[in-house]
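Student: Okay, here's what each chain looks like letter by letter:
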Amino acid sequence: MSETDDALNGSASDRARRMLEDWEANELAAFVARQPEGREEYETASGVPVKRVYTAVDGARTPLEDIGLPGRYPFTRGPYPTMYRGRLWTMRQIAGFGTGADTNRRFKYLIAQGQTGLSTDFDMPTLMGYDSDHPMSQGEVGREGVAVDTLDDMEALFDGIDLTRISVSMTINPSAWILLAMYVALAEQRGDDLDRLSGTIQNDILKEYIAQKEWIYPPRPSMRIVRDTIVYAARHMKRYNPVNISGYHISEAGATAVQEAAFTMANAIAYVEEVVKAGIPVDDFAPRLAYYFVSQADFFEEVAKFRAVRRVYAKIMKDRFGAAKPESMRLRFHCQTAAATLTKPQHKVNVIRTAYQALAAVLGGAQSLHTNGLDEAFAIPTEEAMKLALRTQQVIADETNVAAVIDPLGGSYYIESLTTEMEERIFAILDEVDRMGGTLKAIEDGWFQKEIADSAYAFALKKANGERPVIGVNKYVEEEDEDAAIETHGHDPDTERRQIETLRRVRSRRDGGRVARLLEELKAVAADEDANIMPVTIELVKARASMGEIVESLKDLWGTYRETPVI
Amino acid sequence: MSEKTGVIRVLLAKVGLDGHDRGVKVVARCLRDAGMDVIYTGLHRTPEEVVDAAVQEDVDVLGVSLLSGAHMTILPRMIDLLKKTDADDIILMAGGVMPDEDVAALKKLGVGEVLLQDAPPETIVGTVRRLVAERGPR
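These protein sequences, in sequence, are chains A and B.
Each residue of the first sequence is one higher than the last, beginning at 1437 in our numbering.
Each residue of the second sequence is one higher than the last, beginning at 11 in our numbering.
Hints were generated in silico from the structure; no laboratory data involved.
Mixed in with the good hints, there may be bad ones.
[What the hints assert, rightly or not] Not close to chain A: a few residues of chain B, all C-beta gaps over 12 Å, as computed: (1) Gly26; (2) Asp31; (3) Ala80; (4) Ile89; (5) Asp90; (6) Leu91; (7) Thr95; (8) Ala97; (9) Lys118; (10) Leu119; (11) Glu132; (12) Arg140; (13) Val142; (14) Gly146; (15) Arg148.
[Unchecked claim] These stretches of chain A come out as covered by chain B in the derived footprint (C-beta under 8 Å, 3 or more residues): (16) 1680 to 1691; (17) 1805 to 1815; (18) 1893 to 1900.
From the three backbone atoms N, C-alpha and C, an ideal C-beta is built for every residue, glycine too.
This is chain A alone, in the form it adopts within the complex (with noise of 0.2 Å):
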């Protein structure tokens, strides 16, 4: 900033602060006298202190540069040049439930709904490692999501879907690599360019440790899994983000925003950190990388935490890890609004909570949105909740108008102020990871973990007293719920029976010993550390062998993992 706009923004703030003051001693003291305001403080969801009116006194906090402008260092107003006007953010519903065929019907419906990309959920056997016909499985193949053995089933959830015109974005971490060998062996056997292929696979282990809590291996060797598929795809996939770093779940687990953008970062950090360590610049991997966050309640907080974490991730970038490209320093992000806001009881009142918190997320610069069905405080969505769900973005996109300008609240004395004070406490809890030694030690210790169920426990408290409404379960309850009648996603119960079946004919006809021979070679290749398990789970995956084989065949070298429990 030049002398001279130092000296006319001291003046304007100066102008401003006076304002403020004769304001307070003249209007406001006599209108709060007469009536008083309904509470003696104020402040956000993440307990960050907010004033009544914000003005140029507080505009003056942030540095013009620091806004600055969308496209350009440090991207708080945004990722790209022209944001919505070049592009709108892709809608993205995630589907998955029953078989790959079960699946594969409501992408194409999705499709024929108007959603631009897909998004995949997987069951908890296939999100843990374990085949649909494993004893730990019973009860759970294709009841949370599609259920994936192996090559064939890939072959069935995308049957008649070009990957080469949709991205495509897999739900999937500690068994990331083996779906990824799988899409990739499918675009293969297609003969698709892997150049051509643009989607997502979250992989990202280190907020399982922290939140969503589905892993096998320990940390170590789970993050030599992320760093091979990192070089994999930044080698043989020039437009696929093999990662997506996220704080969706550790929000969902009971973080504050704060701890959420936080959080996140420091896991960012630690797999920058990987990567560069195996030799790769990080100009090489970084525009690769891509974040995924949810939209919660308070809006305005909200569109602060996505303005802060794009502009705390830009300095990182730089200053951190020397990074030259700008695309190394742009963060770009999906978004969810936040399912355990939604609630059993008026059900649909979830219908308004998600379309706040999906304009929440418009307004923050989101590049693609999933906005949840009413009926997800009951089981997994139907289609028709989808369907709403769905016409919620487009209504967003093409009645409101809101996507016709960049950043339309930046400038807002009030939301650039909150941004500047979300940096600064990003910023100081990724100081306090630092000093404890970084983030994998943080973890082994239980901290992240701590935080989390603190936050989580006092908003259980605020929710019980009243202090945070939600409409339906502690504010305006009704005794008879007029809306109790809803009809959910029913579980074919024959699943289960079907699956096994499948996996059990490709067992009965692929070429065993090959399977064995590929099983021995990975494990030769998982004992080189320097060695990447990406070629031959590829080679396993094309002779058939399952998701649970190859899991399996790790287990004696890396160990599994067991979580201290922390109350």
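Assemble the complex: chain A is given as a structure, and chain B must be docked to it using the hints.
Tutor: Showing chain B alone in chain A's frame:
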């Protein structure tokens, strides 16, 4: 209930592959703050492990948290296991996300109470105390 102290003992458990542990941890703190002895198993336990632990720890209440949709597979199995080990004086409670018709079915099978996602702390504490009082001393 411990004969000597009169303190209610509760084992909270996560069974199967379900990793949603926000609720169970909040329940653990609520019960602990209400003066009960609370043990939490951690994640991904089998029904056998949990029933064994409940017997070993001589608890009054075994609370199982399930948000995975697998409750109709897992809970009936736990009822059977409790019967087989002659431990059916342990009160089985469930919490999480389950449809109303399943809640009714589970209570018929012998689950003492099912508390869903929005149950406030006082309801949770009150229900545990009521069920233990109804069972009477052992």
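Student: A separate judgement is required for each hint: does it hold in the structure or not?
Tutor: Taking the hints in turn, this is what the structure says about them:
no., hint, verdict
1, Gly26, "violated (6 Å)"
2, Asp31, "violated (6 Å)"
3, Ala80, "violated (4 Å)"
4, Ile89, "holds (15 Å)"
5, Asp90, "holds (14 Å)"
6, Leu91, "holds (14 Å)"
7, Thr95, "holds (20 Å)"
8, Ala97, "holds (22 Å)"
9, Lys118, "holds (19 Å)"
10, Leu119, "holds (15 Å)"
11, Glu132, "violated (7 Å)"
12, Arg140, "holds (18 Å)"
13, Val142, "holds (21 Å)"
14, Gly146, "holds (29 Å)"
15, Arg148, "holds (26 Å)"
16, 1680 to 1691, "holds (count 3)"
17, 1805 to 1815, "holds (count 3)"
18, 1893 to 1900, "holds (count 5)"
The structure shown violates the earlier hints numbered 1, 2, 3, 11.
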